[in-house]
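Participant: As a plain string of letters, each chain reads:
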Amino acid sequence: MSLVERIERALFWRKPDGSRLRCIFVTPLFVMRDADKVRKQVAQIVEGNRYNAVASLLDLQRGRDYIFDGRGPMSPDSRMIRNLRLVLRAGLTPVLIIRNDWAVRTRQKYIPSCDGPCPNAKDFYAEPKITAEKVFLSKLSDYLPYCHVQLNIEPEEHTSAQFALHIAAHLRNNGFKNMLLINPYKAAEVAHEKCRPQLAALGVLFARSLSGSGIGNDPVINLDGNLTVTRETAPGWIRRLEASGRHYILWSRETANSHDKIPGEYL
Amino acid sequence: MRLIEYCARCGYENRAATEKRVGRKCPDCGTELEYEEVYQSDIDRAEYPHREHEK
Numbered sequence: 000m001s002l003v004e005r006i007e008r009a010l011f012w013r014k015p016d017g018s019r020l021r022c023i024f025v026t027p028l029f030v031m032r033d034a035d036k037v038r039k040q041v042a043q044i045v046e047g048n049r050y051n052a053v054a055s056l057l058d059l060q061r062g063r064d065y066i067f068d069g070r071g072p073m074s075p076d077s078r079m080i081r082n083l084r085l086v087l088r089a090g091l092t093p094v095l096i097i098r099n100d101w102a103v104r105t106r107q108k109y110i111p112s113c114d115g116p117c118p119n120a121k122d123f124y125a126e127p128k129i130t131a132e133k134v135f136l137s138k139l140s141d142y143l144p145y146c147h148v149q150l151n152i153e154p155e156e157h158t159s160a161q162f163a164l165h166i167a168a169h170l171r172n173n174g175f176k177n178m179l180l181i182n183p184y185k186a187a188e189v190a191h192e193k194c195r196p197q198l199a200a201l202g203v204l205f206a207r208s209l210s211g212s213g214i215g216n217d218p219v220i221n222l223d224g225n226l227t228v229t230r231e232t233a234p235g236w237i238r239r240l241e242a243s244g245r246h247y248i249l250w251s252r253e254t255a256n257s258h259d260k261i262p263g264e265y266l
Numbered sequence: 000m001r002l003i004e005y006c007a008r009c010g011y012e013n014r015a016a017t018e019k020r021v022g023r024k025c026p027d028c029g030t031e032l033e034y035e036e037v038y039q040s041d042i043d044r045a046e047y048p049h050r051e052h053e054k
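As they're listed, the protein sequences go chains B and X. So that you can map any letter, position 16 of the first sequence is 15 in numbering that gives the first Met the number 0, and since no number is skipped, the others follow by simple counting. So that you can map any letter, position 3 of the second sequence is 2 in numbering that gives the first Met the number 0, and since no number is skipped, the others follow by simple counting.
Chain X with its partners taken away, still in its complex shape:
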């Protein structure tokens, strides 16, 4: 699993977050940040959406 820290408002993201820090604000717009734990396979799927169809 990888922890991603991101701002749902302005799109800021930190793909290498190490811990959830409640109340941490976005450095760009000041909105409270959100956290998402994602599988590497989901990242691959998002970044290479057609990969599974490659022949």
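Chain B with its partners taken away, still in its complex shape:
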């Protein structure tokens, strides 16, 4: 850790204090090439004074022309760390979505943590990946005390549940105290439900994607992928999220593709 980074840690970084998660999901934020745009979006979120956290994918699939690969199979990219520091310096809590199950499920051509495509979803949750993920997380150890971690994003493969359980236990055994979230999908929901007691014992919270107009019963209301969230409906959604008293993650198609400014209606 460089001197400047240590100064930033001493002066600006905040450990989450257990307060309610008010999170905006800006899909590419941690992997955007242009640091000035990252700074500006972070400043917008801070000035909006609504959110205390920002979620983004470290393992965002290739396809957007303004991003880089945020990680490899076992290593974070240094530019991703730079962006993470910009978020930390602003006093926000990063929610690290460490792996891209959605990209595996939808057969994306290049998934950074796989260094290519992942033709067989089972491989994404096999033993070599567990080992690799532990190495990857060890390289983020300076930052993890200041972050929440989302262990998966819409996996459909049932073995994803044991994978999440394994990584959650690993993080807790290594002293991780902040929020751990899971967002299983379809068949994987059943598998995660079977592990619910073990997941609960590790303090892992369900944060399943809500595609309709309801807010479900999970402790974290997660609007990931909800196409009903638009500039027009965002103020109403935000009022409902606030009134729920629960943790929440606001996503919209626009925040998923916002390489310039975040539209003010979401802030």
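Hint data in this document are derived by calculation from the structure and do not stem from the laboratory. Here a beta-carbon is modelled for each residue, glycine too, at the ideal position from N, C-alpha and C. Hints may contain errors.
What the hints assert, rightly or not - Selected chain X positions facing chain B (Cβ under 10 Å, derived; list incomplete):
(1) Tyr11
(2) Glu12
(3) Thr17
(4) Glu18
(5) Ile42
What the hints assert, rightly or not - From chain B, some residues computed to sit far from chain X (all C-beta separations above 12 Å):
(6) Ala9
(7) Gly17
(8) Pro72
(9) Pro116
(10) Leu209
(11) Leu226
(12) Arg252
(13) Gly263
What the hints assert, rightly or not - Once the Cα atoms are required to be at most 30 Å apart in a straight line, the calculated BS3-like pairs of lysine-lysine come out as:
(14) Lys36/B x Lys24/X
(15) Lys108/B x Lys176/B
(16) Lys176/B x Lys24/X
(17) Lys108/B x Lys24/X
(18) Lys121/B x Lys133/B
(19) Lys19/X x Lys185/B
(20) Lys260/B x Lys19/X
(21) Lys193/B x Lys19/X
(22) Lys24/X x Lys260/B
On the provided structure of chain B, position chain X as indicated by the hints.
Facilitator: The following block gives chain X in isolation, referenced to the frame of chain B:
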């Protein structure tokens, strides 16, 4: 104040920079360098984070 020249990408740093040189590239990775003016007290705080709590 002390001027630190550093690379936000790879971690290179020069703690004894004398001037901000716009466009200067990192000798290790080629990224444009950034500059930070810091107080010695902040450096002390970063390097000895528990110092203020010492009895």
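Participant: A separate judgement is required for each hint: does it hold in the structure or not?
Facilitator: Verification of the hints:
With a cut of 10 Å, the hint placing Tyr11/X at the interface with chain B holds, because the nearest CB-to-CB distance is about 8 Å. The criterion of a C-beta within 10 Å of any C-beta in chain B is met by Glu12/X, whose closest approach is roughly 5 Å, and the hint holds. Checking Thr17/X against chain B by beta carbon gives a least distance of about 17 Å; that is not within 10 Å, so the hint is violated. About 17 Å separates the beta-carbon of Glu18/X from the nearest beta-carbon of chain B, more than 10 Å, and the hint is not met.
Annotation: Ile42/X was flagged as interfacial toward chain B, and the flag holds, the nearest CB pair being 7 Å apart, inside 10 Å. Some Cβ of chain X comes within 12 Å of the Cβ of Ala9/B; the nearest lies about 4 Å off, and the non-interface call is violated. No beta-carbon of chain X is positioned within 12 Å of the beta-carbon of Gly17/B; the least distance is around 22 Å. A cut-off of 12 Å between C-beta atoms confirms that Pro72/B is not in contact with chain X; the least separation is 20 Å.
For Pro116/B, the non-interface assignment is confirmed: its Cβ lies about 27 Å from the closest Cβ of chain X, beyond the 12 Å cut-off. With a least beta-carbon separation of about 36 Å from chain X, Leu209/B lies farther than 12 Å from that chain, consistent with its non-interface assignment. Every CB of chain X is more than 12 Å from the CB of Leu226/B (nearest about 36 Å), matching its label as outside the interface. No Cβ of chain X comes within 12 Å of the Cβ of Arg252/B; the nearest lies about 30 Å off, and the non-interface call holds.
For Gly263/B, the requirement that its beta carbon stay farther than 12 Å from each beta carbon of chain X is met, with the minimum near 28 Å. Only pairs whose Cα atoms come within 30 Å are accepted, and Lys36/B paired with Lys24/X is accepted, the gap being roughly 20 Å. For the hint linking Lys108/B to Lys176/B, the alpha-carbon distance of about 35 Å lies beyond 30 Å, and the restraint is violated. Pair hint Lys176/B plus Lys24/X does not hold up; C-alpha atoms about 39 Å apart against a cutoff of 30 Å.
The suggested pairing of Lys108/B with Lys24/X is violated, with an alpha-carbon distance near 34 Å, which exceeds 30 Å. Restraint check for Lys121/B and Lys133/B: the C-alpha separation of about 18 Å stays at or below 30 Å, so the hint holds. A threshold of 30 Å between alpha carbons decides the hint, and for Lys19/X with Lys185/B the separation of about 55 Å lies outside it, so the pair is violated. Between Lys260/B and Lys19/X the alpha-carbon distance is near 29 Å, which keeps this suggested pair within the 30 Å criterion.
Distance hint between Lys193/B and Lys19/X is unfulfilled; the C-alpha atoms sit about 58 Å from each other, more than 30 Å. A C-alpha spacing of about 28 Å is found between Lys24/X and Lys260/B, which places the hinted pair at or below 30 Å, so the restraint holds.
In summary, the numbered hints that this structure violates are 3, 4, 6, 15, 16, 17, 19, 21.
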